[in-house]
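4 protein chains.
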Amino acid sequence: MKTFSRPNFYTDLALENCEALQGESETPDGIEVTVEEDEAQGIAVTWVKITNDAGAEAMGKPIGNYITLESPRMKEADPAVHESISKIIARKLGNLHPLQKDASILVVGLGNWQVTPDALGPQVCERMLVTRHLQEAMPRELQGRVRSVSALRPGVMGLTGIETAEIILGVVRHIKPDLIIAVDALAARKTSRVNATIQISDTGINPGAGLGNKRTPINHETVGVPVIAVGVPTVVDAATLVNDTMDTLFHALSAAASENDALINMLNDMENEERYALIKEILDPETGNMFVTPKEVDAVIGRLAQIIASALNIALHPGITARDVNRYLN
Amino acid sequence: MKTFSRPNFYTDLALENCEALQGESETPDGIEVTVEEDEAQGIAVTWVKITNDAGAEAMGKPIGNYITLESPRMKEADPAVHESISKIIARKLGNLHPLQKDASILVVGLGNWQVTPDALGPQVCERMLVTRHLQEAMPRELQGRVRSVSALRPGVMGLTGIETAEIILGVVRHIKPDLIIAVDALAARKTSRVNATIQISDTGINPGAGLGNKRTPINHETVGVPVIAVGVPTVVDAATLVNDTMDTLFHALSAAASENDALINMLNDMENEERYALIKEILDPETGNMFVTPKEVDAVIGRLAQIIASALNIALHPGITARDVNRYLN
Amino acid sequence: MKTFSRPNFYTDLALENCEALQGESETPDGIEVTVEEDEAQGIAVTWVKITNDAGAEAMGKPIGNYITLESPRMKEADPAVHESISKIIARKLGNLHPLQKDASILVVGLGNWQVTPDALGPQVCERMLVTRHLQEAMPRELQGRVRSVSALRPGVMGLTGIETAEIILGVVRHIKPDLIIAVDALAARKTSRVNATIQISDTGINPGAGLGNKRTPINHETVGVPVIAVGVPTVVDAATLVNDTMDTLFHALSAAASENDALINMLNDMENEERYALIKEILDPETGNMFVTPKEVDAVIGRLAQIIASALNIALHPGITARDVNRYLN
Amino acid sequence: MKTFSRPNFYTDLALENCEALQGESETPDGIEVTVEEDEAQGIAVTWVKITNDAGAEAMGKPIGNYITLESPRMKEADPAVHESISKIIARKLGNLHPLQKDASILVVGLGNWQVTPDALGPQVCERMLVTRHLQEAMPRELQGRVRSVSALRPGVMGLTGIETAEIILGVVRHIKPDLIIAVDALAARKTSRVNATIQISDTGINPGAGLGNKRTPINHETVGVPVIAVGVPTVVDAATLVNDTMDTLFHALSAAASENDALINMLNDMENEERYALIKEILDPETGNMFVTPKEVDAVIGRLAQIIASALNIALHPGITARDVNRYLN
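Protein chains in written order, with this note's numbering: chain A, 1 to 330; chain B, 1 to 330; chain C, 1 to 330; chain D, 1 to 330.
It is worth saying that the hints were derived from the structure and are not from the lab. Owing to the predicted nature of the structure, the values given are computational and were not obtained by experimental measurement. Do not rely on the hints blindly, as some may be mistaken.
Copies of the same chain are indistinguishable here, so a pair counts whether it falls within one copy or spans any two.
[As the list claims (entries may be wrong)] Simulated crosslink set (SDA-like; lysine to any residue; CA at most 20 Å straight-line): (1) K61 with P28; (2) K101 with V225; (3) K280 with F250; (4) K61 with S84; (5) K280 with D247; (6) K295 with G158.
Bound-form chain A, shown alone (with noise of 0.2 Å):
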């Protein structure tokens, strides 16, 4: 029996598009893998290039590079699990994009906190250690120990009325940064990713892609700043789970299954598109904006976001500690 070929939809994560090509018979020239495993922890590292035009083509991503961290142990409410994630993500910033000691940063919290899963970026933003406006006043035990940084949370469209990048660059222009880091939630095709994977690259963002609104991208190109991005995968979309499910259902029945068996010849011969449309239709219309969440997703968003703004203030404060921070804050 043929077995459904890997579908094509939309992910945030690289290294989803990377596993979705490996059902094919040749990877495409113009991608790099490479996996590091931190077993003690259970902690996963993978770094996937996009080296030239083939490569992000088939990627359906831009050139450049990302890095994903796999855990499920991030939504646990474990602040020693969480502080060995935050340095590696700190040091994985500083391989991505190393800093000039006087660089000035800012950090844009993406997304609408009004709705939880989306509310990642703003509440990483409220933990952070901003001291863009201390420069003259600095308390003399930071001088010299921590960088200017500065958090932005723009809202977004339904809210505020002005597209994002807009607001982004109103603010760049008046500020200028030398550096961007972009905070998002992201959207999975997989559930076991969701809460459980942090994805930071080089590429920039676009705004809203989580949840299903495409927006002008916010990356080098179009802010002028070098921005980095940071994202979580926070929902699943109904018609991806049902897919999938249906998918992996027809696959562990397959040995029941024959040559002759029309209705899955069919579905089979339909594009995946096709048939991902055919669900989303049959979906109750209501579920088009529904999402696939977990019960306490207002405590794990509140962890993902202390785990990202430690990475953040120690790898944009190197002369302090997550104490000192800490002390500060607030």
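Fit chains B, C and D to the known structure of chain A by using the hints.
Chains B, C and D alone, transformed into the frame defined by chain A:
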């Protein structure tokens, strides 16, 4: 091609049990269904009566009355629609359980205030005009116009370590109300019903059933006082969504299937429970803890709590208007 | 016995500056005060005009118009009163700054959303019907009936590291509105005015002044666009409270005092600023960071935000009703 | 010049009652005060014992033990300081009321979760490791290492219509704990103590006293089970602030006053209660409902709840570490 018989999964809505039975050749004895439709408002009201044990068995629900209001507009931000719905609920409550002038009522808000789709009950409590403590110090203009109302948010067992029924029983023995009205979030089969349906019944409630945790029921028998339950389905579980969508997909494509489709036949031959269990197993283990919910869930739960609290305030304090209620709240 | 002359402390309310001047022998030139009272509703409206530099100096406020609405009932949960007040505000906004049909307006919600009494501005933003992004995809029934409105919550410098005026300037240069309406929490002298007074002025705003942090003002001169300010006093500072209470106490007891009361004479002889500074010094150092606020501040700020947002929605989108606004607001 | 005798106003802190007595010529019989100071940490611990009726009358508090921890650093965001304080509290709880290995404990979080400074108790409950419901299904690694702990947030009478003591009594009769630990927000005299002091006592608690509402006390006598109270002063009332500040001001200026100062003499001759009542009357009627609170109250209450919950989790579940607690929480 044989089609799937309607599956027999759990739903809190008697209306959905009825729908499941409608495919059957003859409607079981002991079930009476009356439909009213308020076309002007687009609000459908259905009254399901289970009159004997045969009906109870066929429905999988206790003997009693189940009134359902359906309107997709209750989740919108339209105060005029909310007011119409509140008035219908207030009237139906009066039909279901007429109250003595001096009756005392305990409103119990079941569910977990930390989990938005489960916070309906606690949020209703916070909007109740409670008066039990004012017996002696009642503002003169309210005297003789309000009943003795108290409100309890017992929490969920995971937060308290105590069975919800135990807390209620302890308090009920102490304050001896004449009636309990228990408000809870429910589980539905159809995503179109989520946040668009209110069920009122005189058979009590199973705390936590909406999110999959069965506990001691709260009804006349267990607490010694009549219990009216008011609930809204706020989630659909992921496996139900997949199973139902697959079912509909196969129906839609049934012309293409043949008698020889071994896989389809196998899926058909499975008991519904068996197939559901298979899907549940296939879904990522993570997905077991996930549910399907609309993006704007925070705002919608707030509106539904407002609708129900207004209905209860009108029904329980008949001598005062909605405007009075607002003035004495808080 | 000599009485204290009215102290000259900071207040955001022009009305309170006027009251301070009323004790003086002759009212300075350049100040015009008109009082309207809507007795039925218990809403007092006072229009203060500062017409020249003498008036500006006497008042410590820029030349321009200051309209104040006072009603203790705005903090109560009475939707009918809220609606009356919203309509008066909408009308006064129209008097103060008539708008072209195709004018575009940026609403700026100043303040810190994490600190309840300072969250008024951000909460107003969340209740605005924003339309600027819908220009092309406007629902047909809204076409020609709404103006282009956008809404920005810039945050406070302690959270962003960026001066609020810089963020606004960056965005304004990009989106070029015809008018800015800036909403902010203010500081008052009298606790009776807290959450019971709304001031509308055409002279712009000083972000953070309400909580003691002076920043770059936001007005026509600094941002290049007319700026209407809408504010509510939400706190009183502790030293002001003590000073005023002592003052009143001495007045109340003045019959008992004699010309020889050395202590009283000494306190009288102090400049107001000097006495205020002394009290500030005497108060625990901790008290410097404290403010006086009502218990139910969360609920009250929500109501005030609703009143102001309704007023702005009515004033800016004249072709639609309050009910329409609710329907299009998510 | 005669100075004001120390006023006799209400404070929940036994330590402040002691301070008021220290001006007196001889310390009353029946009061023992022991001070420990941990200078390294800057945490002062004072143990006040009231040993007989004379002491109880002098103090205006029941016979029993009152342990106070003071540190301005508990309101800062420094996890290391929080941990030290949690450990001291846990130790003192053990001294005050040694527990059997199989004791069962009910933690009661008093106060109104809608009013931030009164939400301490409810917030502690949400951070407790509750285990009473796990007796049979206890994760193997926790067996024998945790006590049976439950947690109740009874709410306040204004929200429930039920006296808090009634709810607790109802539940206690049903679940029969060996000990109640009641957590509540308190009222202090000095603003410097607000959010900087934790009092532990074995004499029970008066719900609502911190915000001026006297209710049935919750103690061994009223509920039939020993009651340990843990509290933090989170507000100071406005009239107390004014009275104390005036008092200090007159002291500071006393050199300038003469025997002939009629007004001062009159104020001195007033009973403290009389003067306090006069100030209360002079303050705007609105101010009666107001309290003095720091700006960052939301963040601070969260930190204090975390400190106390950690202390209780350590004290009640001695076989597990802080890290374990975090892992099993939610």
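> For the identical chains here, do K280 and F250 meet the 20 Å Cα criterion within one copy, between copies, both, or neither?
Replying inline: Classified as both: same-chain Cα gap 19 Å, cross-chain 14 Å, threshold 20 Å.
> Between the shortest in-copy and the shortest cross-copy C-alpha distance, which are at most 20 Å for K101 and V225: within, between, both, or neither?
Replying inline: For K101 and V225, the Cα distance is within 20 Å only inside one copy (17 Å; across copies 38 Å).
>> Within a copy, between copies, both or neither: which one fits K295 and G158 at a CA-CA cutoff of 20 Å?
In response: Between. Shortest inter-copy distance 13 Å satisfies the 20 Å Cα cut-off; intra-copy 25 Å does not.
> Between copies, within a copy, both or neither: which fits K61 and P28 at Cα up to 20 Å?
Replying inline: within (14 Å within a copy, 58 Å between copies)
> Between K61 and S84, at a C-alpha cutoff of 20 Å, which is it: within one copy, between copies, both, or neither?
Replying inline: This pair counts as neither: shortest intra-copy Cα distance 29 Å, inter-copy 49 Å.
> When no copy is specified for K280 and D247, does a C-alpha distance of 20 Å or less occur within a copy, between copies, both, or neither?
Replying inline: both (15 Å within a copy, 14 Å between copies)
The structure fails hint 4 only (numbered hints given earlier).
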